[in-house]
Amino acid sequence: MNLEFKKSIAWMRENLFSSIPSSILTVATSFFVLGFFRGLFGFAMASDKDWLSVLNNMQLYMVQAYPEEDFIRVWISVGLALVFAGMSIGLWKSTEESSLSEVFSKFLRVSLAFLFFTVVAPTFSSVTDNDGIIQTEESFPMETRLQLLIPSAILVVVFFVLKNLKLNYKFNKSDLLCFYLAIPIVLMWIIKLPTIQLDSSNQRIFPDPLMPIADTTKTPWTIIFGLFLAFYFIGSRFKDSKNIKRTMSISWVLLPLFIFSWIFKKPEIDLPTILGQDIPIFIGIFLIGALTITFINNPVVEKYFSIYLGVLIAITGIALFISVPILLKSALLLLVLFTIVIPAVSSSTKGKRNLIIVWGVSLFTLSVLIRGGSSDTQIIVQQQSIFGGFSLTWLLAIFGTYVSFPLGVLLALGRNSKLPIVRLVCTGIIELTRSVPYITWLFFASVTMAVFLPEGVNFELVVRVLMVTAFFSGAYFAENIRGGLQSIPKGQYEAADAIGMSPFQKTSLIVMPQALRAIIPTLVSSAITAFKDSSLVTIIGLIDFLTIGKVIIGTQSIPVNFVGHDRENLLFIAFFYWIFTFTLSRRSMKVEKRLGLGER
Amino acid sequence: MSIIKTNDVKKWFGDFQALKGISMEVQEGEVLVICGPSGSGKSTFIRCINRLEQHQEGEIIVDGIELTNDLKNIEAIRSEVGMVFQSFNLFPHLTVLQNVTLAPIWVRKKSRSESEEKAMELLTRVGIPEQASKFPGQLSGGQQQRVAIARALAMEPKIMLFDEPTSALDPEMIKEVLDAMKELALSGMTMIVVTHEMGFAKEVADRVMLFDEGLMVEENTPTEFFDNPQNDRTKLFLSQIL
Chain A
1 MNLEFKKSIA WMRENLFSSI PSSILTVATS FFVLGFFRGL FGFAMASDKD
51 WLSVLNNMQL YMVQAYPEED FIRVWISVGL ALVFAGMSIG LWKSTEESSL
101 SEVFSKFLRV SLAFLFFTVV APTFSSVTDN DGIIQTEESF PMETRLQLLI
151 PSAILVVVFF VLKNLKLNYK FNKSDLLCFY LAIPIVLMWI IKLPTIQLDS
201 SNQRIFPDPL MPIADTTKTP WTIIFGLFLA FYFIGSRFKD SKNIKRTMSI
251 SWVLLPLFIF SWIFKKPEID LPTILGQDIP IFIGIFLIGA LTITFINNPV
301 VEKYFSIYLG VLIAITGIAL FISVPILLKS ALLLLVLFTI VIPAVSSSTK
351 GKRNLIIVWG VSLFTLSVLI RGGSSDTQII VQQQSIFGGF SLTWLLAIFG
401 TYVSFPLGVL LALGRNSKLP IVRLVCTGII ELTRSVPYIT WLFFASVTMA
451 VFLPEGVNFE LVVRVLMVTA FFSGAYFAEN IRGGLQSIPK GQYEAADAIG
501 MSPFQKTSLI VMPQALRAII PTLVSSAITA FKDSSLVTII GLIDFLTIGK
551 VIIGTQSIPV NFVGHDRENL LFIAFFYWIF TFTLSRRSMK VEKRLGLGER
Chain B
1 MSIIKTNDVK KWFGDFQALK GISMEVQEGE VLVICGPSGS GKSTFIRCIN
51 RLEQHQEGEI IVDGIELTND LKNIEAIRSE VGMVFQSFNL FPHLTVLQNV
101 TLAPIWVRKK SRSESEEKAM ELLTRVGIPE QASKFPGQLS GGQQQRVAIA
151 RALAMEPKIM LFDEPTSALD PEMIKEVLDA MKELALSGMT MIVVTHEMGF
201 AKEVADRVML FDEGLMVEEN TPTEFFDNPQ NDRTKLFLSQ IL
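Chains as they are written, first to last, in our numbering: chain A, 1 to 600; chain B, 1 to 242.
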């Protein structure tokens with residue numbers, strides 16, 4: 001103990017107080033950091049904060065006006081995602097271990113921080129009211145402080161003792177993660193929370209009675225967690241898991257598509273249209289693409305390729321402005337994009353076969369999305385849109401990345417292409433999209449896009465927003481990826497050429513892996529930006545996570561009056577966003593580490 | 001019979017003419033060393049042989065196939081011709097073993113196990129089987145260059161091109177690479193080597209050529225080339241380099 005203490009003194013002297021400027025920096029930084037957290041803690045714990053305004057509206061936050069009889073769809077989607085997560089954590093099980101005393105010391109640190117801030121939290125705080133007048137009020141009275149002080153002091157003592165028992169049982173880090181996740185699930189069944197109850201005349205009963213958490217919340221979560229655990233164990237039991245891992249990765253890619261159709265749609269399947277229109281279009285366009293891929297190296301085809309591409313672009317351009325099914329228009333557009341990149345990626349037989357598979361899958365995905373997006377849904381809600389709250393935020397973030405990333409890769413490759421038409425088209429798309437602000441595009445989606453759509457086709461506002469988001473962040477992804485491509489030395493291309501690789505192999509095995517690896521930090525920050533920028537959709541009347549907290553709850557007076565309680569909601573929203581972005585950036589740091597970036 | 005035949009090959013970079021008409025032949029199993037001052041077109045010339053550079057005039061015939069814009073021909077020739085670069089150009093995101101097996105698996109469509117077996121054999125041949133699971137960044141320059149040789153050999157080429165393979169190496173590492181190349185030459189491989197290592201040329205080459213300003217100024221056996229140079233330019237070059 002004494003030695004440990006001396007060690008930490010030495011560490012501090014070396015790292016925090018090594019010179020006068022660094023001492024000043026240390027003191028100043030700790031002053032600001034402590035001040036910030038002290039204020040935050042006082043704010044959060046103050047007795048005038050009605051945290052029930054957050055808790056009571058959790059359903060609103062998550063799914064907004066989604067009809068209750070269809071909640072099972074949401075639960076199944078969440079469950080599926082967590083089952084996949086469990087399976088993946090099991091498959092890619094961590095090999096690191098940490099001992100019990102390390103775990104306790106982590107808990108000790110948390111409870112120490114809690115104790116510390118309970119002691120130093122300000123008693124009085126300044127509040128700006130709605131008229132802009134700053135008032136000082138007693139926000140953290142002595143009784144509240146004492147109520148918190150005693151349990152946190154007990155926790156500190158308990159964990160301190162447990163830590164110093166020096167229990168050296170080792171636990172796998174992935175197992176520990178499951179254990180941590182189990183804590184809230186178990187707590188759900190034990191704790192009672194103050195719950196808002198209304199009496200017969202619809203008046204709120206004070207004080208709020210303590211009630212157990214509703215069965216409709218804790219039962220599904222428990223079942224889902226059980227499945228998560230089960231699949232975690234299944235995943236970790238696989239010995240030779242290469243193929244399973246590959247299947248899992250593909251499943252992750254397909255998952256959003258499934259969840260999208262599952263939450264969004266109880267589609268009215270219009271069989272005659274599908275059989276008589278969609279399937280012929282799919283087969284026709286697929287065959288054109290497949291034939292182009294197959295015969296691209298034929299000398300005759302090669303010679304007239306530019307003319308062929310020109311004709312294709314012209315046909316697509318005309319098709320966009322005449323009355324043909326929307327599926328045909330978008331399939332043609334995809335065909336043009338694909339034809340543009342074919343010469344760059346296909347020449348060997350195997351490369352061609354892979355490319356035909358990619359072509360088929362992307363055309364199929366597009367067809368399903370278009371048909372799904374434009375058909376009527378049987379899920380009926382009062383509002384104009386069935387999406388709201390965190391589901392909407394999440395959908396925009398996931399789909400923004402899901403559709404825009406492949407688009408970005410294609411655009412980046414196209415912009416680097418040797419064919420002038422291709423380069424022109426791709427550069428045009430990128431520059432046009434990037435040079436207009438995102439909000440303008442959102443207005444385009446909500447107001448103008450209908451003009452460009454054929455008669456009778458009417459996408460939901462959400463789908464239109466997804467379309468512009470895909471292009472907007474696709475353009476940014478494209479520029480990031482292009483930066484990555486430029487960082488690949490010329491020698492890599494030459495070496496790949498010299499061992500006889502086809503352009504497709506060169507791109508997919510040598511260039512892209514290195515380019516993407518080099519820009520992982522940028523890609524992640526793009527994804528985070530897309531996640532946060534999704535809150536801008538409030539401007540065109542969609543109700544996202546932030547809007548619910550700031551606007552809806554802050555002005556809610558029926559059945560419970562939460563008017564003016566938007567500050568605690570904003571804090572909650574900030575915390576919620578932070579959890580997701582922080583997890584994402586930590587994950588990406590792990591990936592970077594595993595790929596050995598910066599060590600080459 | 002000649003495995004490489006070039007006829008009046010000319011190449012321009014913009015206005016600058018890098019090759020001013022090179023005609024030569026290489027027999028099967030022959031080791032040809034090309035030397036010359038920098039900017040003389042020697043690297044450009046051997047890069048034309050596997051189409052890393054495109055010649056504008058003249059013809060190049062490799063193993064009976066003429067190099068044209070036809071992608072099939074280019075790929076066919078590239079899988080017959082291995083190349084080792086001055087800056088190694090290993091793939092940094094793949095292990096040494098993956099570097100060597102990449103081409104057999106994807107280009108030659110061989111099975112993974114067969115390719116790995118062959119790769120280990122080649123790595124043993126160049127003397128670094130124990131480094132198979134490391135990444136290129138963890139190896140010394142000499143080791144990297146030997147991996148590059150193994151990678152080129154994994155395609156079982158008929159011809160090997162070396163573009164200044166030792167120029168980027170520390171002096172003490174040059175020997176290990178040259179030893180690997182000597183061993184390769186003795187095994188009967190057809191090789192074209194662009195190098196300044198005159199010791200290697202004397203010891204291993206069947207023929208030595210001197211390039212200057214895009215022209216081949218002298219072509220001779222090593223003994224004649226070094227002991228009895230015909231051209232004044234060769235004499236000057238040798239006096240500066242030896």
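Just so you know, these hints were derived from the structure itself, not from any lab.
Keep in mind that this is a model prediction, so the values were computed, not measured.
Wrong hints could be hidden among the right ones.
Derived coverage of chain B by chain A (criterion: at least 3 residues anywhere in the stretch with Cβ under 8 Å from a Cβ of chain A; other residues may be distant) [as the list claims (entries may be wrong)]:
(1) 74-83
(2) 111-122
The calculated SDA-like cross-link candidates involving lysine to any residue, where the alpha carbons are at most 20 Å apart (straight line), are [claimed, not checked]:
(3) A:K490 / B:Q54
(4) B:K72 / A:K593
(5) A:K593 / B:P92
(6) A:K418 / B:Q56
(7) A:K490 / B:T221
(8) B:K72 / A:N298
(9) A:K418 / B:D70
(10) B:K134 / A:R517
(11) A:K593 / B:L94
(12) B:K110 / A:F582
(13) A:K490 / B:K110
(14) B:K175 / B:K158
(15) A:K593 / B:G137
(16) B:K72 / A:F295
(17) A:K242 / B:T95
(18) A:K418 / B:K72
With the C-beta cut set under 7 Å, the calculated list includes, among others, these residues of chain B facing chain A [said to hold, decoys possible]:
(19) L52
(20) Q56
(21) L71
(22) N89
(23) F91
(24) H93
(25) M155
Even glycine gets a Cβ: it sits at the ideal position worked out from N, Cα and C.
Do the hints match the structure? See the list:
no.: 1; hint: 74-83; result: holds (count 6)
no.: 2; hint: 111-122; result: violated (count 0)
no.: 3; hint: A:K490 / B:Q54; result: 16 Å, holds
no.: 4; hint: B:K72 / A:K593; result: 40 Å, violated
no.: 5; hint: A:K593 / B:P92; result: 15 Å, holds
no.: 6; hint: A:K418 / B:Q56; result: 19 Å, holds
no.: 7; hint: A:K490 / B:T221; result: 35 Å, violated
no.: 8; hint: B:K72 / A:N298; result: 10 Å, holds
no.: 9; hint: A:K418 / B:D70; result: 16 Å, holds
no.: 10; hint: B:K134 / A:R517; result: 18 Å, holds
no.: 11; hint: A:K593 / B:L94; result: 15 Å, holds
no.: 12; hint: B:K110 / A:F582; result: 44 Å, violated
no.: 13; hint: A:K490 / B:K110; result: 28 Å, violated
no.: 14; hint: B:K175 / B:K158; result: 24 Å, violated
no.: 15; hint: A:K593 / B:G137; result: 15 Å, holds
no.: 16; hint: B:K72 / A:F295; result: 13 Å, holds
no.: 17; hint: A:K242 / B:T95; result: 18 Å, holds
no.: 18; hint: A:K418 / B:K72; result: 19 Å, holds
no.: 19; hint: L52; result: 5 Å, holds
no.: 20; hint: Q56; result: 18 Å, violated
no.: 21; hint: L71; result: 6 Å, holds
no.: 22; hint: N89; result: 4 Å, holds
no.: 23; hint: F91; result: 6 Å, holds
no.: 24; hint: H93; result: 5 Å, holds
no.: 25; hint: M155; result: 6 Å, holds
When the structure is compared with the earlier hints, violations turn up for hints 2, 4, 7, 12, 13, 14, 20 and for no others.
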